[in-house]
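The listed protein sequences derive, respectively, from chains A and B.
Numbering-wise, the first sequence is residues 538 to 715 according to the working numbering.
Numbering-wise, the second sequence is residues 3 to 120 according to the working numbering.
Everything labelled a hint here was simulated from the structure, so no lab data went into it.
Among the hints, erroneous ones may be present.
[Said to hold, decoys possible] Going by beta-carbon spacing under 8 angstroms, a handful of chain A positions derived as facing chain B: (1) VAL562; (2) ARG563; (3) ARG578; (4) ASP585; (5) TYR596; (6) PHE608; (7) LEU655; (8) ARG657; (9) LEU661; (10) CYS674; (11) SER679; (12) HIS680; (13) ARG702; (14) LEU705; (15) ARG707.
[As the list claims (entries may be wrong)] A few chain A positions that, by computed beta-carbon distances, are all more than 12 angstroms from chain B: (16) GLN555; (17) ALA568; (18) LEU583; (19) ALA588; (20) ARG621; (21) LEU659; (22) LEU664.
Using N, Cα and C, we set each Cβ at its ideal position, and we do this for glycine too.
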Amino acid sequence: MELTDADLVARVLVDDDQNAFGELVRRHQSAVRGLLRQLTRTDVALADDLAQQTFLRAYKNIRSFRGEARFSTWIYRIAYNCFREDARRRKELVGIDEEQLQTQHDPQVADPALRHDLMRALNLLPLNERSAVLLCCQNGLSHDEASRVLDIPLGTVKTNVLRGREKLKRMLADWGPN
Amino acid sequence: MEQVNQEDWLDRELREAAPYIDDEGFTARVLQQLPPPRRRHDLLRAAILLGMTLLASVLAYVVSGGGRFISVMVERLAALPALWVFVLALASGLVIAAVGAAAALSRERGLQTGLLQA
Chain A
538 MELTDADLVA RVLVDDDQNA FGELVRRHQS AVRGLLRQLT RTDVALADDL
588 AQQTFLRAYK NIRSFRGEAR FSTWIYRIAY NCFREDARRR KELVGIDEEQ
638 LQTQHDPQVA DPALRHDLMR ALNLLPLNER SAVLLCCQNG LSHDEASRVL
688 DIPLGTVKTN VLRGREKLKR MLADWGPN
Chain B
3 MEQVNQEDWL DRELREAAPY IDDEGFTARV LQQLPPPRRR HDLLRAAILL
53 GMTLLASVLA YVVSGGGRFI SVMVERLAAL PALWVFVLAL ASGLVIAAVG
103 AAAALSRERG LQTGLLQA
């Protein structure tokens, strides 16, 4: 029988079982690294550094995991905090405004690959909308879970998701269903 | 309806745009950077328990006058009816099984509360 995330956390807590922690890393590394790659606008090296920091911080603070939320929600929150602290250090925590969004998007020169366009469109979203869309639409978190991860009110998450989606739809209008 | 379709399409594309990222040594790199595990005191605990048991046995032996009570008890036991011996053996077995089950449950509860208190 496969152990649940909660079982593995319990083993880390009680026995300081690093193999159990390794299993948690193996299970969640793809999602965490993927999220950080999107947040860092596909800077793979930076994203992987932040992902390592995320898991190390999770290990050191595993006693603060209460088991009320899913482990994935908790680890996303740490990942987002790592990203935010790094962005503050780099002074990059500035969203792209509407005007910039309009001038950067030119459907005539858009890459023919939909995925490429989608990634580019995502990267053009301001950070608050990008984070909310990534967590809710791509990683399947509920609005409530995303609100905990991003540490912002539930209503703000809903607004950011809505606005982000609207902008994505506008930017990807040529690809949408007819 | 068209809006619903478009949202479904967007969600699907977003999910598919996040392919699985192969581990490629990532987990190993994280594990290498973990601090060394806490030192466990299992050996010390076992040594203390063993020492206390030995001390108690020696004391019991000395206080009981060289363990004479053992031979007395064996003689009494031999004089008991077979049914009594069977009942005593069964009761002893049950007591040992109950203690073992209690220890297992306590260990399980320890894992659970360890998680909840964290």
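Status of the hints after comparison with the structure:
1. For A:VAL562, the interface hint holds, the least distance from its beta-carbon to any beta-carbon of chain B being 5 angstroms, beneath 8 angstroms.
2. Satisfaction of the interface hint for A:ARG563 is found here, the shortest Cβ-Cβ separation to chain B being roughly 5 angstroms, below the 8 angstroms cut-off.
3. With a least beta-carbon distance of about 14 angstroms to chain B, the hint placing A:ARG578 at the interface is violated under the 8 angstroms criterion.
4. The interface hint given for A:ASP585 holds, since its Cβ lies 7 angstroms from the closest Cβ of chain B, which is under the 8 angstroms cut-off.
5. Taken as an interface hint, A:TYR596 checks out: its beta carbon lies about 6 angstroms from the nearest beta carbon of chain B, inside 8 angstroms.
6. This hint is violated: A:PHE608 has a C-beta 11 angstroms from the nearest C-beta of chain B, more than the 8 angstroms allowed.
7. For the restraint placing A:LEU655 at the interface with chain B, the shortest Cβ-Cβ distance is roughly 5 angstroms, inside the 8 angstroms limit, so the hint holds.
8. For A:ARG657, the interface hint is violated, since its Cβ never comes within 8 angstroms of a Cβ in chain B; the closest pair sits about 11 angstroms apart.
9. Residue-level restraint check for A:LEU661 is violated (minimum Cβ-Cβ distance to chain B is 14 angstroms; threshold 8 angstroms).
10. With a cut of 8 angstroms, the hint placing A:CYS674 at the interface with chain B holds, because the nearest CB-to-CB distance is about 5 angstroms.
11. Against a cut-off of 8 angstroms between C-beta atoms, the interface hint on A:SER679 is violated, since the closest Cβ of chain B lies about 14 angstroms away.
12. The interface hint given for A:HIS680 is violated, since its Cβ lies 14 angstroms from the closest Cβ of chain B, which is over the 8 angstroms cut-off.
13. Residue-level restraint check for A:ARG702 holds (minimum Cβ-Cβ distance to chain B is 6 angstroms; threshold 8 angstroms).
14. Using the Cβ-Cβ criterion of 8 angstroms, the hint placing A:LEU705 at the interface with chain B is satisfied: the shortest such distance is roughly 6 angstroms.
15. Among the interface hints, the one on A:ARG707 is violated; its C-beta lies about 11 angstroms from the nearest C-beta in chain B, farther than the 8 angstroms criterion.
16. With a least beta-carbon separation of about 6 angstroms from chain B, A:GLN555 fails to lie farther than 12 angstroms from that chain, contradicting its non-interface assignment.
17. For A:ALA568, the non-interface assignment is contradicted: its Cβ lies about 8 angstroms from the closest Cβ of chain B, within the 12 angstroms cut-off.
18. Taking the minimum C-beta to C-beta distance to chain B, about 14 angstroms, the non-interface status of A:LEU583 holds against the 12 angstroms cut.
19. Not every C-beta of chain B lies more than 12 angstroms from that of A:ALA588, the closest at about 7 angstroms, which undercuts listing it as non-interface.
20. The Cβ of A:ARG621 lies farther than 12 angstroms from every Cβ of chain B, with a closest approach of about 20 angstroms, so its non-interface assignment holds.
21. The Cβ of A:LEU659 does not lie farther than 12 angstroms from every Cβ of chain B; its closest approach is about 8 angstroms, which violates its non-interface assignment.
22. With a cut of 12 angstroms on Cβ distances, A:LEU664 stays outside the contact zone with chain B, its closest approach being about 17 angstroms.
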